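Chemist: Each chain, written out:
There are 6 protein chains.
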Amino acid sequence: MLRLDPRDERISTTRHFRAWEGGGEYNLARGLRRCFGMDTAVVTALADNPVGRLVEDLMLQGGVGQKYVRWAQYDGVGRTVRNGLNFTERGFGLRAALGCSDRGYTAISQLKPGQIDWEEIFRKDGARWLHTGGIYCALSETAPLVAQAAMTAAKNAGVVVSYDLNYRASLWKSIGGKAKAQETNRLLAPLVDVMLGSEEDFTSALGFEVAGLDEQHSKLDTSSFQAMIKKVVQEFPTLAVIATTLRNARTATVNDWGAVCYYGGSSTRRGCAKIWRFTIALVLCLWIDLRIFGREGSAVGRRPRRSPWSTRNDHSG
Amino acid sequence: MLRLDPRDERISTTRHFRAWEGGGEYNLARGLRRCFGMDTAVVTALADNPVGRLVEDLMLQGGVGQKYVRWAQYDGVGRTVRNGLNFTERGFGLRAALGCSDRGYTAISQLKPGQIDWEEIFRKDGARWLHTGGIYCALSETAPLVAQAAMTAAKNAGVVVSYDLNYRASLWKSIGGKAKAQETNRLLAPLVDVMLGSEEDFTSALGFEVAGLDEQHSKLDTSSFQAMIKKVVQEFPTLAVIATTLRNARTATVNDWGAVCYYGGSSTRRGCAKIWRFTIALVLCLWIDLRIFGREGSAVGRRPRRSPWSTRNDHSG
Amino acid sequence: MLRLDPRDERISTTRHFRAWEGGGEYNLARGLRRCFGMDTAVVTALADNPVGRLVEDLMLQGGVGQKYVRWAQYDGVGRTVRNGLNFTERGFGLRAALGCSDRGYTAISQLKPGQIDWEEIFRKDGARWLHTGGIYCALSETAPLVAQAAMTAAKNAGVVVSYDLNYRASLWKSIGGKAKAQETNRLLAPLVDVMLGSEEDFTSALGFEVAGLDEQHSKLDTSSFQAMIKKVVQEFPTLAVIATTLRNARTATVNDWGAVCYYGGSSTRRGCAKIWRFTIALVLCLWIDLRIFGREGSAVGRRPRRSPWSTRNDHSG
Amino acid sequence: MLRLDPRDERISTTRHFRAWEGGGEYNLARGLRRCFGMDTAVVTALADNPVGRLVEDLMLQGGVGQKYVRWAQYDGVGRTVRNGLNFTERGFGLRAALGCSDRGYTAISQLKPGQIDWEEIFRKDGARWLHTGGIYCALSETAPLVAQAAMTAAKNAGVVVSYDLNYRASLWKSIGGKAKAQETNRLLAPLVDVMLGSEEDFTSALGFEVAGLDEQHSKLDTSSFQAMIKKVVQEFPTLAVIATTLRNARTATVNDWGAVCYYGGSSTRRGCAKIWRFTIALVLCLWIDLRIFGREGSAVGRRPRRSPWSTRNDHSG
Amino acid sequence: MLRLDPRDERISTTRHFRAWEGGGEYNLARGLRRCFGMDTAVVTALADNPVGRLVEDLMLQGGVGQKYVRWAQYDGVGRTVRNGLNFTERGFGLRAALGCSDRGYTAISQLKPGQIDWEEIFRKDGARWLHTGGIYCALSETAPLVAQAAMTAAKNAGVVVSYDLNYRASLWKSIGGKAKAQETNRLLAPLVDVMLGSEEDFTSALGFEVAGLDEQHSKLDTSSFQAMIKKVVQEFPTLAVIATTLRNARTATVNDWGAVCYYGGSSTRRGCAKIWRFTIALVLCLWIDLRIFGREGSAVGRRPRRSPWSTRNDHSG
Amino acid sequence: MLRLDPRDERISTTRHFRAWEGGGEYNLARGLRRCFGMDTAVVTALADNPVGRLVEDLMLQGGVGQKYVRWAQYDGVGRTVRNGLNFTERGFGLRAALGCSDRGYTAISQLKPGQIDWEEIFRKDGARWLHTGGIYCALSETAPLVAQAAMTAAKNAGVVVSYDLNYRASLWKSIGGKAKAQETNRLLAPLVDVMLGSEEDFTSALGFEVAGLDEQHSKLDTSSFQAMIKKVVQEFPTLAVIATTLRNARTATVNDWGAVCYYGGSSTRRGCAKIWRFTIALVLCLWIDLRIFGREGSAVGRRPRRSPWSTRNDHSG
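Sequence lines, in order, name chains A, B, C, D, E and F. Heads up: the first sequence is residues 1 to 317, going by my numbering. Heads up: the second sequence is residues 1 to 317, going by my numbering. Heads up: the third sequence is residues 1 to 317, going by my numbering. Heads up: the fourth sequence is residues 1 to 317, going by my numbering. Heads up: the fifth sequence is residues 1 to 317, going by my numbering. Heads up: the sixth sequence is residues 1 to 317, going by my numbering.
Check before you lean on any hint, since a few could be wrong.
Each pair may be met inside one copy or between any two copies, as identical chains are not told apart.
[Unchecked claim] Here are the computed lysine to aspartate or glutamate pairs in the EDC-like style, where the Cα-Cα straight-line distance is at most 20 Å:
#1 Lys-180 to Asp-75
#2 Lys-173 to Glu-119
#3 Lys-173 to Glu-183
#4 Lys-173 to Asp-48
#5 Lys-178 to Asp-75
Calculated from the structure, these hints are not laboratory results. Note that the coordinates shown come from a computational prediction; the quantities given were computed from them, not determined experimentally.
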């Protein structure tokens, strides 16, 4: 997906855009590659025109492998297939950030089960982790089927599966709304090892209530979130890790950010006794430049190389 | 339509785009307004999102009236309706200019006959000239019907109709190709007073052959073009003016440009004797910055105010 | 007026300027047009050279009507008439914002009573609101006379008149100073319905003292301001609305902003009983990018369309 | 003088300006300093505001001494004194370059004889060359008087005086036109050693006709120019060197440039026999970026250090 | 190597640089990867600091494999090891392009034989082509030894070796000059299959004279060059292909470019009869943006995928 | 030294650098010149290539005299002599600022005692203040000797000597580390009148402990610093002024800054009784754009002209 950013101006009055690549799964792959030095690749589809080739150029810079990218023939107009665009403007002070998606009829939304050889990826090439999420699954009728096929193949190959609920009302609106989102996510949840999501995601996209949240989520209260997590694990006992970000935007530039990570569950796959373990991190008054990408941990540049997660053994209780 | 331009870089490797508004009919309206001080307006439809509002902001700067712009509700994704995009890169030396259209599912392509009140425009508001052309008519099934309704209403109200053939193979490819283009344009031609087009347009989009053209159209030979025009007028005797641009790109920066304008025909509407009049202008080795917009005469900035065309009386022989 | 802005650099060491249009009355007209969708126009004069045409281009983008703009012939040098310029640099942290006006001999300062047909504007074209203020009136000897003519014509046509005191010592210095400013503003005040001004404006430009203000106006204390307003209304009983902004600059980027709006006065024109009504809004620690334009409510971009003020009936008590 | 340049855009539609310093005399001083390593200084006056300080910053970068710059107090508005501005846009292809001067009421135009201590400059500080010209002399009534005082002081101190005729109709229009220009230049010519000017300058600003020039000066014919020079020297026998540039703009980017330099005259000051010596240089199809500054030889950057002119002895026949 | 480019300004007066990666061998690898879709990798060494990591980022974008890059520990100062820099300014019209190398003490110049496992590259990883040249060999005492080891290993593994003579006087000046360059290149020539070089390179760097060259090489005369090639092949009979570029800079922007490619030699390795085959291509008045990279065929962006060279079999006569 | 700054991007992923000049001593000289209007000059050496000439251009703009700059011949490669570079990226929020020095083999590091005529500078040209410091002294073996010669000459000529300890571990690492730094600084301290340094500098570079400092120096506690100063003066009784900056970075943008200045010492040169005088200034939550240059007080632009320090007489108790 090509991201067009008017820098310190606004989309509707700018004359200049900065081009970036983006997308939840991609951001995570890029972060692991550039900040932590891991080999990652993206499985996606792009229309073969100069815009798609610009995304290729950006992903090359990101160091993310493109071996599994499918290039769809372009019709010269954008009727049959397109590349997704996202116009994103940053907030300032009282003015919130603003996004405008233009991703109908994208190549990736037209991907169908059977078009990707997951056995090659997980068995032959030896991928160790699969990450996808709720934005992809909302792109089309076929997208959840592709995700299901990928996650099942991963499960069978012993590959860890992480899933970011990432609920976007606009994407689900015309294909069944919140009810369809919950149905889709609940279908996929048993295939997930590591479930990610904001407070709102667990409610809207998975159907769990977090007690005592104020309307604006302005307090980073982790206790009611921990209670909710216990309910999630009771219903989906195969989840080994559940992690969330908590955000309170004091202004568009100064946020409180927090995270709660539950781990040590009783994954039936690993058959451990249940020990409730939570790691909680809070940062108050964090200055941010652009508040998208929170959960994907996208980082511009290079940080010291270290393992982003505990090793796999650590996931069991 | 939003035009995104990587300036002196290439689309597929740039990180920055300059935003412009564009479109054949709009360019002509903007040129008449800003170079010649005439009141003009655009009849179009846009999706109501920040990208559409950027086009509004650009058209405000262009001084073109937006009273007849229809704003379509946006779905947040771009599935039901979008705004057209055009990525355009300029050539240099041996490297030709390059365009990449992304205009499937645009609001304007979904416009239907009956949605615009042409009587208001031509009778009540007193518009004196209607300009449209072959790119618009290729956007959808309904587009030629909208054009036909507009041109008929104009004809009835005594409003001059100009039409730019502007043949683009990519647009017609999936909806019937060259045959469909010719069928559409031939249907509309009897409603036209002023027909514009390149040499290639008259051949591909209207079905007339220009004798003796070399493959690259590298000679600006006007005599065979004049012969072709006579054939066009014989078949479409209501055409009062036929104009073309002739281009020979020596390099991407240095072109020969020419124009042949036939006027003084025997429009049955005006019943004059036929006198063949041609005005020919040639400029060799013209330096150009960006070779789109040739025929629309789009001009950035302000030139001395004078009438761009002869007055209407002059059209008769 | 052309505003030249060195972005994040300083005027005296920059190599690049961003061009904007500006001016108190214009900013208000632009804000009403682009944020609230209202039709507005500016009555001004510009020298007809490329700089003036750039201001035209910027005002076109702003959507503000230019029907009443008078274009003065340029002499090629700037001896007889010029366009106003304003160099504006933004502050950062401890460094305050800085402006440098270059607006001697401007076309607008040379405007004389009788050159504008106010009857056409208020009666024929049906304008409903006239806004001007103390900066314009300081531009020349004739400026207050033009304002007086406009305000009288508005009053006669039942058009609301608002006036922003906007005291600038530098403008008045050579033409009579604070005394002349007060004389001018007091002459015009009886013609005003809606009077705007900062705390300092009411003191310096109109001669009212606000009790208990500390030197830096660092507390946003609204009570003494309310007391002052009562004195203003006693002296100018036709004022229906009095509004002020209160600012305390903690740093150049973080300000406290507030506003006090008195309405419900006993305008003799409307003959209501006097009911003191105040609306007070305070925002502490507001992050701002550039602190000019506070009172004009200039907004870059588009906010939800709603009426910026209560309807006219609401003004009476 | 501050030069504002919209780069590859046009003044009337740009949003960005690049700032440069400029002015005929200054350009020559800067070129001698940065290309040829000579110590130079500028005698001028500036208004002391951020715009003037920007010019100071630019001249510091240019390496031109500012010891003789007079700083005039600014009134905050620009009524009493201003800094000169020049908006300059470059041409392209058929489109010619365009300038817009805004230099009324500048500090330098208000300079009066007696305000500069020329004895200090020529005797104490030992300046060896004085350069001024026809643009400065057109700025005000007092400007030619200042020039006359400077040139007389230079003459007395044995300092070489060069003068660039540089006729600009717009500057002279309101103060006596071509007749006044010729009167002024003819008054000063006897004080000049080195006279510079284009073909047009010698005609319009000094009253000599060049025979056989076509209207557009499109042929770089040097013979008739040599004939004219002989007439000039007959009338002003103290001129030791007469030099001109000849320009033929094929396009805005490709010019023919030439130069004719006469030297070896019979300056009465030096009392030599008259030997007519001409040096002629022609460059056809020169590519230029911006065609101002031709004669001042302004160069951005650093060329090998060598003497720009023959040594003084060479000037005599 | 990091290339810093002041765009349309000059190095010595700019305030902005555009960063690129560069280097003869790298440019060729990047061109093959991005224009022709081939897998390529670069064997080099970089100092591990943010500048080196910027080169990594640029090479990632270039798509060139970095598996063989050695990262040298940085000392925080640049005393023990550095990254190479090259400041490059483009010419315009009469002004020639200008480069300024800053590449002493670079990591790559300190590479020693034995630090690279060529067997892994040629045998295990299956590289099919090795390209290096005369700039690398001039970097240090050890550089030719590294090149010799690489070329020998390639020869032994049946890998094609190409070598660009690329003579730069400044690099050789302090380490033995032209004599040392010729000695080095003559030592390596028997290991080369494909020898590249300009006319001047074959003379200065290899010791062959091209008869009848004018001083400025302003005629692209290919016949004397063909004669010289025959002499080269007589002396170095293992050369299978010899190619050169011929350049004549009419201005900095308009060049004549040509190429002569000899192939079909009597490589002893392949034992063919000698058949002299030459392919000659000339382009007159080519417009170029920046004239570095001629021979490496570096291309910004993507051209149609096709083989840049004939297949290997074709090299034999 | 040329400073390359990726603006709001990061060094390792940027494509654009802004060029500045820099260096501790230079920054102080520039600040005195442009903010306080004093004549200053820099004594340094530069390699004579376009990069060095860019530093010259930047220093010209800075207004700092270059009479004492030595230009070293460049070898075209950077083996014998180079110009120092410093890549500097600004922090944001949690991300700290980052610098990358590339200053091995610079011309200034190769300066030797005897190459500068200090008598000319202090006696003939009448310089009144010499400033140098610990970064320069760490550049090479000869640097402290040059500093010693300069400071001795200054002392003899009655010129005030200030010295900024400025300890940088990376510079000293390979030439003796902290022990060598302390030895060098202690050798020079008796020649210093005004000693500057951060808390850490007095400890690491001079060997004094500040009691009770927390690890991150997060409290701006001035009392223990005053106690340390007393110890410094006891050991180096000729120090007349000791000043420090105290910094606590709350975020990269919001810092607490403070300063403690001791003056009134018992300089043996002046023989006054010892009176302990301290001036303390604290600014909490200061917003900064780029935190380098704290102590040098470098200011971009022009502040009101006033004396930066008390006059010399004030230094004695």
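Chemist: All hints, please: hold or fail.
Modeler: Quick rundown of the hints versus the structure:
1. Proximity of Lys-180 and Asp-75 under a CA criterion of 20 Å is satisfied inter-copy only: 17 Å between copies versus 32 Å inside one chain copy.
2. For the identical chains of this complex, Lys-173 and Glu-119 are neighbours neither inside a copy (34 Å) nor across copies (38 Å), given an alpha-carbon limit of 20 Å.
3. In this homomeric assembly, Lys-173 and Glu-183 come within 20 Å of each other (Cα to Cα) only inside a single copy, at 14 Å, whereas the closest approach across copies is 40 Å.
4. Proximity of Lys-173 and Asp-48 under a CA criterion of 20 Å is satisfied inter-copy only: 17 Å between copies versus 29 Å inside one chain copy.
5. Taking the shortest Cα distances, Lys-178 and Asp-75 sit within 20 Å of each other only across copies (15 Å), while inside one copy they are farther apart (34 Å).
Hint check: a violation occurs at hint 2 only; the rest are consistent with the structure.
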